[in-house]
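Chains as they are written, first to last, in my numbering: chain A, 5 to 198; chain B, 877 to 1420; chain C, -5 to 330.
Do not rely on the hints blindly, as some may be mistaken.
Here are the simulated DSBU-like cross-link-like pairs (lysine-lysine), alpha carbons at most 35 Å apart as the crow flies [to be verified]:
#	chain 1	residue 1	chain 2	residue 2
1	A	Lys198	B	Lys1035
2	B	Lys1035	C	Lys248
3	C	Lys322	C	Lys248
4	C	Lys168	C	Lys245
5	B	Lys1035	C	Lys322
Calculated from the model, a selection of chain B residues having no Cβ within reach of chain C, i.e. all distances over 10 Å [stated by the list, open to error]:
#	residue
6	Leu1176
7	Ala1182
8	Val1203
9	Ala1240
10	Arg1363
Chain A regions said to be covered by chain B (calculated; three or more residues, Cβ under 8 Å) [what the hints assert, rightly or not]:
#	stretch
11	40 to 46
12	49 to 56
13	61 to 69
14	102 to 114
Hints listed in this document are in silico derivations from the structure and should not be mistaken for laboratory results.
Computed from a predicted structure; not experimentally measured.
All residues carry an ideal CB built from backbone N, CA and C; glycine is no exception.
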Amino acid sequence: MASPTLALPSAGGTRPRRVLTMAVLFLAAGGGMMFAALLGAYLHMRRLAEPFPPPDTEIDQYWGNLMVLTMLMGSVTVEWARSALDRGQRKEGVAGFAVTLGLGLAFLNLMSFAAGHVEFDAVTHPYGTVVAALTMLLGLVVGLSVAFVSLTLFRVAGRQLLEPGADQPRATAWAWHFATVAAVAVWYTVIVLK
Amino acid sequence: MTITETRPDDVAPPPPPTAPGPAGSEALPATADHKRLGLVFLGGALVFLVIGGAVGMVLRGELADEGVQIVGGNYGRLFSLHATVSSMLFLGPAFVGLATYVVPLQIGAGRLVLPRLHAFAAWLFVFGGALLVAAYLLGPPEGLGIADARPMPGGGGTKANALAITSMALVSIAMVVASVSLVTTILKLRTPGLTLRRLPMFSWATLASGVATIVATPVFLGGLLLLFIDQRLGGDFFGPDNVAGQTVWQHTLWLFGRPEVYLLLVPGLGAACDIVATHARRPLLGLDAARAHIALFTILAFGSWAAGTDVADAIVLPTYTPLTALVAAPLAVLVLVWLGTVAKGRPRMHTSMQFVLGFVALSAVGALHALVAAAAKVDGSAWTTGHLHTVAFGAPTLLLAGAVYHWAPKLFGRELSAGLGRVAFLGLFGGFLLLGLGSYLAGYDGAPAHVRDFEFSSSSSTYGLLAAVGGVVTLLGALAFVLDVARGMAGRRTARTDADPYGGLTLEWATSSPPPPQGFDAVPEVRSAHPLLDLRTSSEAAGG
Amino acid sequence: MLNPASKLLLAMAAAGAATGLLYHVAVDERAGMVLLLALGVAGLVLAIVASGAAVPDEAPMIPAGAPAPERRATTTGSPARGSGWPAFAALCLAVLATTAAVGGPVVVAGVLAVLVAAVGWFAKAWSEDPVWSPRASERLSLRLVVPVALPAGAFLLAATIAISMSRILLAVSKNGAVAIAFVAAVAILGACAWVAARPRISSSAILALVALAVLSTAGAGITGVAAGEREFHHAGEEHGEPVHVVAREVKFDKDQIVVPAEEHVRIEFVNEDVDVFHNVAVYESEAPDAAPIFNGEGFPGEDERVYEFETPEPGTYFFVCDFHPNMKGSFVTEAK
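The following block holds chain A by itself, in its conformation from the complex (with noise of 0.2 Å):
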């Protein structure tokens, strides 16, 4: 049986980069997609269904305006925290990571509140049925970001990741914009557009 030739230079040198934030952006991809699937239902429904949306069925702009700004705002803060961490900076990338957490844990909180005081729910009607899935999978999805936040938050704080351009606090980045997105294109059609 053959051995390892241990003298001979590894493949491709080091270690790959940025394999993580390369995973996390495919992986965003086809959430994107997934929302395109939602939005497509909303959007069709809207041009067949009258009336539409169907009464009883306000939402207040102001709880989604305030999701939205929400989100915007802690990517601007996740971003802070991924910058100061290629800077060096262990505590304000901390900081950066757990105000991010805070707002993300803000968002969630006001979405279920929204969602239990709409007078219509996931059943009443096909629009509900279509909102409130659009509602599970933004609330999934921002979950899932608040979630990888709070690791590398932990991570950070354990002195880990702290070499520049670290790949973790990258994609935890990139996840956090896509969550973003995806709350601006739902707000949008559901809030602006109805």
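On the provided structure of chain A, position chains B and C as indicated by the hints.
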């Protein structure tokens, strides 16, 4: 309670951590070895093949004669089980398993770039698939499930429905995650010199189908979410009163989301290119053209989303429009490339080549019948069943079997039995042909599709019997294949064979059979798309 | 720099966008159009991801007259390290999928299982970071595990056992609850006596025994939650007679149901139509957008179900089969 604070300096240094055992020695659930994970995917897919195939056999037996003889009131349930298991739990995961094993070797990496994520996907497929089958045992998922072009009624369903939906979601997530892992591995871990233009065809096809799976499967997940709300919570999105729901069903859910049915073939096309080149003993003629046409086939698969709103009445629903029928064009070019390569090379009739030839023959039969049906203006009928079994599932299954026979030395440490291989080929090819022919003829005769019973014409019994015989033969061929693979897996620990029994062209033949845990002891230098041919040529030149 | 992968993705993006626009003009159907345009956007994003420095795609220049390619040029490095957490995480996700299908409080168990798997996987990744050292682990243990995690874990363990036992005892009959409690007490006494009697027993064996006991109890508790509580008859409480409804030949056997208002009622529903789905659903009125009061689970015949729900205030409502709108009647709730 007193908590004693101990300063780290006061604590005796802990013993050094135990060095991990040699890779591949850990228990199977804890493995990150791409070879073992590939066999988990492949083994699971073959188990589900047997389940789905056996159920299909029962249905064929039922439809062999007028009246209800066998299935009683369970036709819808069994049909849904057969269609869902066969489409979701067999071909896709089997090709993913093969890619998991072979692709890291083909690119000279010896490992996956995200091995634990891939392990997660493998086990998620196994558990999700088991739950999907269990859902059908718990109770009848309503209607024909995702196999029907028309939606399930809304208003709330059974817990079995809900479990079927959530388990389909698990399997889909597993496929997406595994595809992300494979695509990232191909992009990041190629050995120096192996550019994307020099990728072996199976790895290139895996890249193309992986990317397509990543963007297409989540659409299916979106549909599943809407269906879950309908069935679990009592919504009515897919009920008869919501016209929009009909179209959304067809775009997202019907038959596993329409691009997927085409995408099941893409890895097989790449494998066939590698098989033909290896056993014709020369590089593929028109390598760049073959690469481009595999990419074109993948892109054209998405044309099925542009199938309009009238597809519910079409004959073969994915290929109803000219746009979706265009996928046949790159397929034809690939067949010409293979034929040209064989003509210019020194071919040997390895078992895997038989399967590739069988694929070409089945595809030609399907194409012929598509022309006949279009000319005769056949309505949606049993013809659909024939076309699905011949072209959509039969042909790719032959390519999968061929690929397993081709890479058997790497997978199992020995070539699989040529005798059983012949039985498997005759069974699968002959069975799918008979099954398809019986259904085609029944369709021309006006027999409907997807119903438990119908009024037989004078010829219906003959055609039904022909299709039933085809089903039996197919199952026998599948069992022969599964038996051969099971024997290979069982003997893998101790089996050893030549590293390069065929005189291969690509990197996977540069390592032992089966490969060591790290994949390669040494990776050869890569200067072209066929590095092993370059090495043989240069050593022959040096020796001569 | 475009490589074949990014060219494939760009082609996919262009095809998706072009087909989407053509589809919009020719067919004008939104769902398909959005999917195709989204494909265009996704393809473009991924093409950018797959191009440039992120994906190295240049082969070393081989000068003319270079020596033959080397048979042993590089190695692949060390193989990947395994871990049981991915498989466990997959199992927990399957548990969550099952509990989501069943519904009810058991979903919490599924979510908790996934969280446990996530924390375990994270901890494994943490311990494999080059920065981690036994000393760092010691500091973390003293600062976090001992003062916080241990007491919280103990509380959680105690709560799990207590709640699980309560669910088991509430799900079975009165006599069954007494028997189970007695058996549990004897089992605990017996196990502790056996452990005490052994002169030497490893901590891992004790841990395995405790883990088995806790997991069994928790599993039985989840089953108890799914089964629901047994019926409790309090002194002085009266139960109305159950209402019997039959569906036969796509018709209900009655066109009016009269029940007490604001009470817990039972409807015993028999579906005699083979393979046909029926249910009993109650709405505020017959209007298409009327609010639902109760939607019974649909099921195919021949079978029967018992529906239980709280009736609304006195008035006349509407009951119907959700699958067959012709099957309907009035649902009257009367004050006591």
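Q | Outcome, coverage hint (the stretch 102 to 114 of chain A, chain B; C-beta under 8 Å; three residues) | A | violated (count 0)
Q: Examine the stretch 40 to 46 of chain A: at least three residues should have C-beta closer than 8 Å to a C-beta of chain B.
A: Three-residue rule met by the stretch 40 to 46 of chain A, so holds; n is 5.
Q: Measure nothing beyond the straight line between the CA atoms of Lys168 (chain C) and Lys245 (chain C); if it is 35 Å or shorter, mark the hint as holding.
A: This hinted pair is violated, its Cα atoms lying about 40 Å apart.
Q | Assertion that Leu1176 (chain B) lies outside the chain C interface [Cβ separation over 10 Å] | A | With a cut-off of 10 Å, Leu1176 (chain B) comes too close to chain C, as the shortest Cβ separation is near 8 Å.
Q: Would you mind confirming whether the straight-line C-alpha gap from Lys322 (chain C) to Lys248 (chain C) stays at or under 35 Å?
A: 9 Å, holds
Q.
Is the listed coverage of the stretch 61 to 69 of chain A by chain B valid when you require three or more residues with a beta carbon under 8 Å from a beta carbon of that chain?
A. violated (count 0)
Q: With a cut-off of 35 Å on the C-alpha distance, tell me whether Lys1035 (chain B) and Lys248 (chain C) pass.
A: 28 Å, holds
Q. Was Ala1182 (chain B) rightly flagged as not at the interface, with every chain C Cβ beyond 10 Å?
A. The claim is violated: Ala1182 (chain B) sits with its nearest Cβ about 5 Å from chain C, within 10 Å.
Q: Quick one: work out the minimum CB distance from Ala1240 (chain B) to chain C and report holds if it exceeds 10 Å, violated otherwise.
A: At roughly 27 Å from the nearest Cβ of chain C, Ala1240 (chain B) sits farther out than 10 Å, so the non-interface label holds.
Q: Decide if the proposed pair is consistent with the structure: Lys198 (chain A) and Lys1035 (chain B), CA atoms, cutoff 35 Å inclusive.
A: 33 Å, holds
Q | Holds or violated: Lys1035 (chain B) to Lys322 (chain C), with C-alpha atoms at most 35 Å apart | A | Distance of about 25 Å is within 35 Å: holds.
Q: Take the stretch 49 to 56 of chain A, compare each residue's beta carbon with every beta carbon of chain B, and decide whether three or more fall closer than 8 Å.
A: holds (count 4)
Checked against the numbered hints given earlier, this structure breaks hints 4, 6, 7, 13, 14; the rest are met.
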